[in-house]
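Novice: What follows is each chain in one-letter form.
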Amino acid sequence: MGEEDGMGDGAEDRGNALYGPQPDVAGASGYPDAPPRVGFFTDTSVCIGCKACEVACKEWNAIPADGLALTGMSYDNTRGLGADAWRHVAFVEQRGPFGGPEPSAAQDDAGDVDVFTAAARISPASPDGGTGLRWLMASDVCKHCTHAACLDVCPTGSLFRTEFGTVVVQEDICNGCGYCVPACPYGVIDRREDDGRVWKCTLCYDRLGVGLEPACATSCPTDSIQFGPLEELRERARARVAQLHAAGATDARLYGESPDDGVGGAGAFFLLLDEPEVYGLPPDPVVTTRDLPAMWRQAALAAVSLTALAAGSFARRRR
Amino acid sequence: MSGSDVTRDGVRGARPGREAVPGAHAGRRRRGHGRGERPVVPDAEFASYYGTPVLTKPPWKPLDIAGYLYLGGLAGASSLLAAGGQLTGRPGLAAPAKLGAAGAVSLSLAALVHDLGRPARFLNMLRVIKPTSPMSVGSWLLAGYAPLTLTAAATEVAGRYRLLGSAATVAAAVLGPAVATYTAVLLSDTAVPAWHEGYRELPFVFAGSAATAAAGLALAAVPVVQAGPARRLAVLGAALELGAFRAMRRRMGLAAEPFGQGRARVLVRAAELLTAGGAVLALCRGRDRRLAMAAGTALLTGSAALRFGVFHAGVASAEDPAYTVVPQRERLAARGG
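Read top to bottom, the protein sequences are chains U and V.
If you count the first sequence from 1, position 184 lands on 184 in the numbering used here, and the numbers rise without skipping.
If you count the second sequence from 1, position 251 lands on 251 in the numbering used here, and the numbers rise without skipping.
In case anyone wonders, no lab produced these hints; they're calculated from the structure.
Incorrect hints may appear among the rest.
[Claimed, not checked] Only pairs whose alpha carbons sit at most 20 Å apart, straight line, appear in this in silico EDC-like list of lysine to aspartate or glutamate:
1) V:61 x V:115
2) U:58 x U:193
3) U:58 x U:284
4) V:57 x U:195
5) V:61 x U:194
6) U:58 x U:84
7) V:57 x U:213
8) U:58 x U:171
9) U:58 x U:195
10) V:61 x V:319
11) V:57 x V:288
12) V:61 x U:213
13) V:57 x U:114
14) V:57 x U:193
15) V:57 x V:115
16) V:57 x U:284
17) V:57 x U:84
18) U:58 x U:194
19) V:61 x U:284
[As the list claims (entries may be wrong)] Pairwise CB distance ranges, derived in the manner of DEER restraints:
20) V:114 x U:236: 46 to 54 Å
21) V:51 x U:67: 53 to 61 Å
22) U:77 x V:293: 54 to 62 Å
We treat Cβ as the ideally placed atom computed from N, Cα and C, and that holds for glycine.
Here chain U stands alone, though its shape is the one from the complex:
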């Protein structure tokens, strides 16, 4: 990865609050003349589940294969984000208010599914021709948080903030301690077992440096994944929600776009058609380091208590 810049080493948090809105995230990390912060707006209402983003990401970033398994989770055989999946398309099949019989009811005695019988049972159950089924698809990715727990807790300085406001792992520094893995409130970053280091989306740091868009956004055929300056994306997203609400799709909501949320706003945010947890996203994530000052205080008190206990154990003899 392109980490020629010594800026990120140890300077990640200078002048940066641990929590709350942070309008100049790159500036707070030591970039005086940073370009505008960039990110993703993933509009899941136009995602068609083609997985071009997953493929483009794997190709461009030379991510190794991570096995082939059929999960039974609709068309999702990637399962989730991880060291070897930096984009993940979720598929959720939902039965609407007019629901017909379950396709899986078409099992014969041997337990085999007759797909033709099953397909025939999916019939329009409402006068307007609707099937009573809804298929949600959403391409998940690293959120590139304003307050990134992975970056905060990284003991080596391997994780750093780029001049674009994104969060990137320097693979030549990472020693595989794994602390960032449980720190992430979204479960994004993970350790690659045969490699020992952690990996995640870099928002194509190498492409950004030469003025290209990230591979996933470039490959997305429906513009479900939109890349650009974060402020511009937020504006576009708000307009899009208003458009959908006006069209009757009142389920549409933005996820991660607010600078007032628990991570200070995500650099990659989403338009969802259902609650976040339906897509495997936490409904109200909070960066764990928000509470770190209190944690240090408690640990200091506990250390003093331990010393006092020991002192008391010796002192009582003199009575």
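With the hints as your guide, set chain V onto chain U.
Specialist: Below, chain V without anything else, positioned relative to chain U:
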């Protein structure tokens, strides 16, 4: 599916692109599905993505990291006993405590390096100093503390450079309590519900657990005439550990549930019984050499069981989306969101 009646809903001809509007009659959400085979939170209704976890569980090996939590506590509190023994003229207490601290911290360093994905790069831990990273702070703490305990132990064994040894012993006792309690911050500063939600009390649990472990080692290794402080420390440490642990579990709400289930439940139960039993035995029968050894063994085992119990409860809470989703939903509801 060919021949089915999925319609395009008004988009014939023109490619809708990013302005496409989905069906106005949106479906209901599926609730509470995919809870897996463990009926952990039967009453909590929540949605999840096929029951898959929201968080990624820590990639740490239990023996390495829970073992490190235990050994770090044992070392830190042993340094206090070593300094106390030295200052109050109890060489029979100070010597084993010094050796115990040095041995425990050496083993724990080995465990930490062993757990790295790239052990050869362990020195990168000292590449930066980051107060926002408990692991960075801990690395620097250990980098200062470990040489002090080794010096204290080496001068004790050699019987030479006593002044240097005394200084190292006292300095190790200053850093020891921090080594014993920072590990609670190490766990709490994660998104893991059963670790993060206990951040107020966990340092006190670990402080008490460290005290009982060090007292246990001393009870097992020190002649009874000089083990008085160890007996008292066992009782005080057990009271702190068990009291803080109870308080923590009461206050954590749903996130406390993993402590009462599966492997964590067995470990935590064993820890409570061994620690309480060991402390009572030390207090009442600690002047009998053999019973003191039994009490010491119980305390050492109890402290280890507690650390492994806390470790496994955290992993279990990360693996089940309920512990992530339900409290966050309740938080949103309380805010009126």
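Novice: If you test the structure against every hint from before, which numbers come out violated?
Specialist: 3, 7, 11, 12, 13, 19 and 21
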